[in-house]
Amino acid sequence: MVQKLMELTNLDGVSGDEQDVRNYILDNVKEKSLKYCIDSMGNLIVKCNSSGQNPLKVMLAAHMDEVWFMIKDITEDGKLKFITAGGMDSRILPGQHVRIGADKVPGVIAQKSIHLQDREERESVVKLKNLYIDIGATDRKDAEKYVNIGDYAAFASEPVLFGENRLKAKALDDRAGCVVLLELMERVWPFELYLCFTVQEEVGLRGARIAANRVEPDIGIVIEGTTCADVPGVKEHGQSTVLGKGPALSFADRTSIGDRELLGHFVKTAQEEKIPYQWKQTATGGNDAGRIQTSGTGVKVITVSVPCRYIHSPVSVLNINDLENMKNLVEKALGKLPSLEGGIKK
Amino acid sequence: MDTERLIGHLCDINALVGNEKEASEKILEFFRPYCDKAWGDPFFNVIGYKKGEAKNPKKVMITAHYDQIGLIVAGYEKNGFLSVSNLGGVDTKVEGASCVTIHGRDDVFGVIGAKPPHLLSGQETKKNLKITELFIDTGLSDDVLKEKVSIGDPVSIVSPVVKMKNGCLSGRNMDNRCGVAALVLILEQLQRLKHDNDIYVIATVQEETGSLGAMTAAYNLEPDVALVIDVTHGDMPDAGKSKCFTLGKGIPVGIGPAYHRQETNRLLEIAGNERIPTSLSVESGDPGTESWAIQVSRLGVATVEVSIPLRYMHTGVELVKVEDVEMAACLAAKYSAGEIGEIRCGWNQEMLL
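Just so you know, the protein sequences line up as chains A and B, in that order. The first sequence runs contiguously to residue 346 in my numbering. The second sequence runs contiguously to residue 1353 in my numbering.
Keep in mind that the hints were calculated from the coordinates and are not lab data. Quantities reported herein were computed from a predicted structural model and do not represent experimental measurements. One or more of the hints may lead you astray.
[What the hints assert, rightly or not] DSSO-like, lysine-lysine: derived pairs with alpha carbons at most 30 Å apart:
#1 B:K1163 <-> A:K4
#2 A:K35 <-> B:K1148
#3 B:K1163 <-> A:K145
#4 B:K1163 <-> A:K141
#5 A:K274 <-> B:K1078
#6 B:K1115 <-> A:K81
#7 A:K104 <-> B:K1130
#8 B:K1078 <-> A:K81
#9 A:K127 <-> B:K1115
#10 A:K145 <-> B:K1127
#11 B:K1243 <-> A:K129
#12 A:K129 <-> B:K1165
#13 B:K1163 <-> A:K127
#14 A:K81 <-> B:K1241
#15 B:K1148 <-> A:K235
#16 A:K81 <-> B:K1148
#17 A:K235 <-> B:K1165
#18 A:K72 <-> B:K1146
#19 B:K1241 <-> A:K72
#20 B:K1165 <-> A:K104
#21 A:K127 <-> B:K1148
Using the sequences and the hints, build the whole thing.
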């Protein structure tokens, strides 16, 4: 699972062009000869094998896109001006490696050297409009040979295993979710299970909406990577999640409120199976659950997340045990779903 | 080895300022094949010697520093985090969300994180991270971390060397491994150049904290003339034009009180003869390079400087054009092999004593 996750994070999947990630997942789906469809936006929906004992329809969602850049202009001297998408911390942008467009042209995000910055420039965060990408082009005409306005760009950051069970990579949000879905693909489930690899989460949870409309599930479970702020200088109550304490369950965030019954079921499963879990301590952020919940005539949703430090940066960090525990918790909780049947039937 | 690969290999070496011992042996291996003699001094300056043909040869010293900026472990925080201080002139803005190697008992990988943006106050989002707000996440338990890492261990930034368009390279340590690459190229060229002078090519230490390596090397060698190779600011759209040099458009040669006028003129003349394009880099005082220290070594050394334009100095994405390194090396080699006249005061062409 970790190997697959590393491979997945090294692919670029930006909102609106998730093709490389989708093709990787599709290869895995085809190996298992499962039924699938790819919709007009690019959502990949996979139908797992079912014994049909339970009439429930369950949708699992993980998004394939990551935070990204787009080239908006090329200057006379051949530098690329860009926009960001998906909520990026502009404090960390200068000095990052990126790759641009279909040809993966290497570039670096830059500003003038520290020696040439005045005191104010040294102390304040560079505005996005003052940053640029350098690909080594001599001027605009030269740059246009390699890059077009409108080209996407993504962080270039090799995944690295380090410390005690830590993985550093870009796009852990939400390739971590994608890889968990892949792990659950093989089993025969007693209910109908649809694995939805969604698009355009980072720009407004857009793919999940039409995927949910297509699947029309009773239950939606979103598998995510979420913020983790257990770092020096942050008080405990503001830490959101803590690395190594297991998958995080969300009461609520900006886009949805977790279904109480489902949350109870997951907690009970975790306790019975002795799988560690934690509550997400903040109600910030949002994810596909928000759209799934209000799709059709309404869907019961829950979000299960793996804590990721430095999320939305090229050096996101997760604990592999958390990932394994997330997979185990989701698998076991799904396995026990029939006991809920009465409570959540339409 | 082609220049691009040479630069790549040199950039991969870790030589944090003040911690150059291990690296000195690696640099020595790059020099050795082309020298009559190569050795390291007690300060870990690495010296490659090419014997001159004259009976009483003049001594030419060519230096380029091989130390690099980085961080130093300042303290332990809870849960596998370390606080840091700077080694040399670090731009904290570019350290956020980067990967590092802590050179402790073993090399330990870590990432530099920060408080996440959604927890920052409005004021905090406008201020850059101070060095005291940076910390390294090692992912290790505190016990293991204390075993592997000590306070004071140097920390290097991890950033790959990436090939860019138009023969450019971007990565860490270009400042000043490009200069060191030029030294290797000079040694290589000197095998084919007849020269009367004894030529000492020296990769120096501790430039980033005050040119200490150059100081000791010059004192030890007592050269007649010295040529310094270092990087200078390349053209960046947000920087003024006057202090910056366009990549691939000529080798900047230093002009100002730090440099010997007569020797600089000879250098420029050689450039003209060899059709190597140059531009003048005006420095009103301390240029921030080794020239300033070498010039006042012992009884004084006639010092000149050639530069390699480099964008985004002191970041992990320093960007250079490979042909600039080659041209700087070519110019320096020709200069070092050339005949040195009587060293006079540069301005009035007369010795004052």
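Going through the hints against the structure:
For the proposed pair K1163 of chain B and K4 of chain A, the alpha carbon gap of about 27 Å is at most 30 Å, so the pair holds. With a C-alpha separation of about 51 Å, the suggested pairing of K35 of chain A with K1148 of chain B is violated against the 30 Å cut-off. This hinted pair checks out: K1163 of chain B and K145 of chain A have alpha carbons roughly 16 Å apart, not beyond 30 Å. Between K1163 of chain B and K141 of chain A, the direct Cα distance comes to roughly 20 Å. Compliance with the 30 Å bound is thereby established for this hinted pair.
Note on K274 of chain A and K1078 of chain B: the hinted pairing holds, with a Cα-Cα distance of about 27 Å set against a maximum of 30 Å. Note on K1115 of chain B and K81 of chain A: the hinted pairing holds, with a Cα-Cα distance of about 27 Å set against a maximum of 30 Å. Among the hinted pairs, K104 of chain A with K1130 of chain B is inconsistent with the structure: their alpha-carbon atoms are about 33 Å apart, more than 30 Å. A threshold of 30 Å between alpha carbons decides the hint, and for K1078 of chain B with K81 of chain A the separation of about 40 Å lies outside it, so the pair is violated.
Between K127 of chain A and K1115 of chain B, the direct Cα distance comes to roughly 19 Å. Compliance with the 30 Å bound is thereby established for this hinted pair. Between K145 of chain A and K1127 of chain B the CA atoms are separated by roughly 37 Å; this puts the pair beyond 30 Å, and the hint is violated. With a C-alpha separation of about 23 Å, the suggested pair K1243 of chain B and K129 of chain A falls inside the 30 Å cut-off, and the hint holds. For the given pair, K129 of chain A sits about 23 Å from K1165 of chain B by alpha-carbon distance, which is consistent with the 30 Å threshold.
For the suggested pair K1163 of chain B and K127 of chain A, the alpha carbons sit about 27 Å apart, so the restraint of at most 30 Å is met. With a C-alpha separation of about 20 Å, the suggested pair K81 of chain A and K1241 of chain B falls inside the 30 Å cut-off, and the hint holds. For the hint pairing K1148 of chain B with K235 of chain A, the CA-to-CA distance comes to about 28 Å; that is within 30 Å, so the pair holds. A threshold of 30 Å between alpha carbons decides the hint, and for K81 of chain A with K1148 of chain B the separation of about 43 Å lies outside it, so the pair is violated.
Proximity of K235 of chain A to K1165 of chain B is assessed by CA-CA distance (about 46 Å); at most 30 Å being required, the pair is judged violated. Under the criterion of a C-alpha separation no larger than 30 Å, the hint pairing K72 of chain A with K1146 of chain B is inconsistent with the structure, at around 47 Å. A C-alpha spacing of about 25 Å is found between K1241 of chain B and K72 of chain A, which places the hinted pair at or below 30 Å, so the restraint holds. Using a Cα cut-off of 30 Å, the hinted pair K1165 of chain B and K104 of chain A holds, with the two alpha carbons roughly 12 Å apart.
Distance hint between K127 of chain A and K1148 of chain B is unfulfilled; the C-alpha atoms sit about 39 Å from each other, more than 30 Å.
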